[in-house]
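S.K.: Listed here are the chains, written in short residue letters.
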Amino acid sequence: MSLAILIGILLVGGLLALLADRWGDGTPRWVSLVTIGVALVYLLTTVADTAPEYFNTTAAIGSDWITYLKLDWIPRFGISFELAMDGLSLLLVILTLLLGLIAVSSSWSEIDFKQGLFQANLLWTLAGVTGVFLAMDLFLFFLFWEVMLIPMYLLIAIWGHENKAYAAMKFFIFTQFSGLLMLLSIVVLAWQASLTNGSYSYSYFDLLGTTLNSNLEFWVMLGFFLAFTVKLPGFPFHTWLPDAHTQAPTAGSVLLAGILLKTGAYGLLRFAIPLFPEASMNFAPIAMSLGAAGVIYGAVLAFAQTDFKRLVAYSSVSHMGFVLLGLYAWNNIALQGAIMQMVAHGVSTAALFMMAGAIQHRLHTRDMRRMGGLWHDAPRMGACALFFAVASLGLPGLGNFVAEFLVLLGLFAVNPWITAIAALGMIGAAIYALWMMQLAFQGKPEELREFGDFGSREMATMATMMIILVCLGMYPQPVLDLAQPVLDSLQKLTPNIEAVVALTQVGVMDQ
Amino acid sequence: MNSLSLIPALPLVSAVLLMIGSARLSKRVVAIFGVGSVGLSALIVASVAQDFLTTGEVQTATLWAWISVANFTPGIAFYIDGLTVVMMSVITGVGFLIHLYSVEFMESDESFARYFSYMNLFVAAMLLLVMADNLLLLYLGWEGVGVCSYLLVGFWYRDPNNGAAARKAFVVTRIGDTAMALGLFLLFTELGTLQIQPLMAAANVQWSGGGTLPVLATALLLGGAVGKSAQLPLHTWLPDAMAGPTPVSALIHAATMVTAGVYLIARTHELFLLAPATMQAIAWLGVATVLLAAFAALAQNDIKRILAYSTISQIGYMFLALGVGAFSAGIFHLMTHAFFKALLFLGAGAVIHCLHHEHNIFKMGGLRTRLPVVFASFLIGSAALAALPFTSGFYSKDSILLAAWALPDIGPILWAGGLLGALITAIYSFRLVFIVFFGEANTEPDKQVGWKIAVPLMVLCVLAAFGGWIGQPLSEVFPATADFHNVAHSVEYIGIAIPLIGLLIAYLVFLGGQLSVSKLTDSSLGKALQNFWRDGWRLDALYHNLLVRPFTGLARLCRNEPVDIFYNSIVSFLRWSHRGLVSLQTGELRWYATTMVFGLLLLVAIMLRNAS
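Chains as they are written, first to last, in the working numbering: chain A, 1 to 511; chain B, 1 to 612.
Rather than coming from a laboratory, the hints here were simulated on the basis of the structure.
Treat the numbers as computed from the prediction; the structure is a model and nothing was measured.
Idealized CB from N, CA, C, for every residue including glycine.
Any given hint could be a false lead.
Unchecked claim - List time: in silico SDA-like cross-link candidates among lysine to any residue, alpha-carbon distance up to 20 Å:
hint, chain 1, residue 1, chain 2, residue 2
1, B, K363, B, R534
2, A, K444, B, N162
3, B, K27, A, R380
4, A, K444, B, P160
5, A, K444, B, R158
Claimed, not checked - To give an idea of the chain A side of the interface with chain B (calculated C-beta under 8 Å), a few residues:
hint, residue
6, I333
7, Q336
8, A383
9, V390
10, G397
11, T419
12, Q477
Using the sequences plus the hints, can you model the full thing?
M.R.: So, in structure tokens, the structure goes:
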């Protein structure tokens, strides 16, 4: 029951925030903050109660879920309200709530109208994302998938910048259209499974191991893959992202980059590959090529941008390419890298978007050609920007490095050539990250510019994220340990894949 | 916490404190933290070294397990053998002197705390690099020093040129680092560990000498080494890196960081010994770099650029030593070079400091009597750089050249190349001394050096002069090198004579005036050659056209998201069909009636046709 309550807290908190508008302008954000705080505390206490067994067992999948809930919903079609949490979901839900707090902090003084509605949408987005990470019934999963979309759309469309209508619509159409393909795939999969099982079920556990003929399996898999890759976003389905990010309010960008993108990665890892192991592995070379293409393409385009937020958005495309690579390499090391990238990128990019928002709030521009020398005006801000820039370029000692190194290390055993191409992204990242520092913070400071440095609220938020990244970089083991049992069981589910992987090892490495 | 972990931890903690408290701390406190942390580290290193010299035991320490996934389990762990002791001593010893020097040099800089924070961070990262027991931790230090180098080259960030130089330094070395990362992937995939000692043991068991895998793996590592140590073809960042404060050039771009590549190869030398092809490539690269950089140094007018090219050239000697298998000689030269090059850079810094930031050597002159301490430093430093007999540089360079000579087949060619390099080195070193310190004074110094500058200079003078007699505890680390005793004495005599000849030429041309090169340099060919060398053999222009312009061109081409052309065309198609359909709905009855009639006619026609 605890998982339903968790989502309930966020939904009700949203309603409260909406109502709180009547009690004064500042109230909704406090409601928001308290709601997320309560949800976080509730989650951690629940986990503390039930988790010890989870971490002590090395049992197979099915028995080692931290908590599990199944209620009948539409029994006629075998649709149930089924939620479950394992280490991976826990990790991502914690990330979601944490970045929720950061999003509230970044919207603190930026949003100046309809604050109640804003905070409500923010909380409902979090509720949707949390649901996505917990739902084990595919129909319910799809429901949450759509639930997180609409409040996000509103966040961009109402509180966005100059070109918000276009960006919001583009975001909506891309995700909605690919979502429909996934719905089609879900229905086909459930129908096919019912032919062998005799009854309808949308439960993940019933659908695992469904055998389809290979032609059908490919198309059904593709429906899932497209929905998740659009969200990730993978090259060439990423073009909604730069527009959405550029136009979204800061909190929207933080949520978008920090957690919404991760639902795509999560979907691939939890559903697309385990449900269709063979089709996925046959498809892996294409997926990995798209991943490598995204890494390079994102890095090149990030360098080409003059808009601070667009640059960060393209760097996301580049970083999420690593996730795609890690997932389809499908070995332990690469998968751990992909999960680490989800967490580390969530934090580092959220911080960069917050930086962009802070600058825009002060200078009323995102154009880096009109910045320059900001270090002089705001040394604390400069130091923060520097930290997250070098995190973004993969400096060892910070979380992003652990992620990218593990992905490439694992990938190398599968395909050295794609690894070599993707590794070029490390050079590209250095180019765009340092170029950003140059344009915005170095160079001659403009005289007569009023530019306030970070205050204590902003510094506290930044410092939190820095500490997280350093911990992830120097002692990533807790995160790795949390994810490891999940990976073990997922990999057990897909024995075929390892055989295929072993075969695809490129011969050049044999002496 | 054992004392080993304190060695990098002290400067690291100091760096963080200085970063956090930069606005609030007084310069005095900053100096105490900045210099004191490195000084304390140096003291601990001294005691570790003392222990090591008496017991000769390798020390190891594991602080915590860093990452543990499947069989990939690198730790935050140290491995201290003779090589590490030498490196740690150089880093903290020379580092301490340069930090002390910086207190006076940077006195009037508004970002005093930021400077010491970066410098401390650099020392911490460099220590991690040499203390690491696995290649991943080494890579952490490796990238860490790279970032510090970036930060310090671009320290004076208001000038965009400094920013460009800093980015160039980072990106060019990153190219090498990427190759190195691929090397690590290959090593782990094939040998199952990145822990250096087990890795080398596994390689010796699993790999046969001269196979493709060892050559490929070592070539990738060499890529990293070439980038970091500014060797051909990735050396172009170093001359530009002189944009940073001069003590930075002394510490990072002369004494320590740029020798990291040499350390990497020496540290993993057992892998390289399995790959003779890579070894030979290292030797050739070394000699080529020695000559290229020496000629470039000859044509420079900026005092720091002369020294920068000289650094590239001297590291070329170290690579030559590694390539011919004389690892001890390479590390020996690394140490002596750290002494005399740090001395020269600090001396140059003192000149610049006292001469209103003047860099052009032709605007100096006559400083011999005006800045006597600096003159003495330059004299000793240049003598060691030129490898005049009995200076530290003489011993190290001599052993490298003899080792090169002793190599069968290509040995004498490498030796001759190195010897030619030594001749040029002597000429450009004393060209610098004679032009800056003798002759007419063109600029009057506006201040004298204080004790914080003078003391480091004097200590380094002693080291540069007598450092050749310091024994290095490397016999356990490297395999014994070939015996040089049967090398003909004439070879040794030539090695001793060449630098003296160079000195003589420099004297005759730049001081005595008996030899005039103006005829040579005034001819069109001479001028062209001089400019060609001054521009570093125009490699920058080559790379600019070959790499930078295509990349920026591609970026400009893609700026507006070419992928969107596809999605936009869908949108355009829908809009177009929308307009087409809308235009049918005119709202006029006549139009509807007409179309209805035509539609009926069409239907009837089709039905009739199907019926018949």
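S.K.: Check each numbered hint from earlier against the structure, then list the numbers of those it violates in ascending order.
M.R.: none
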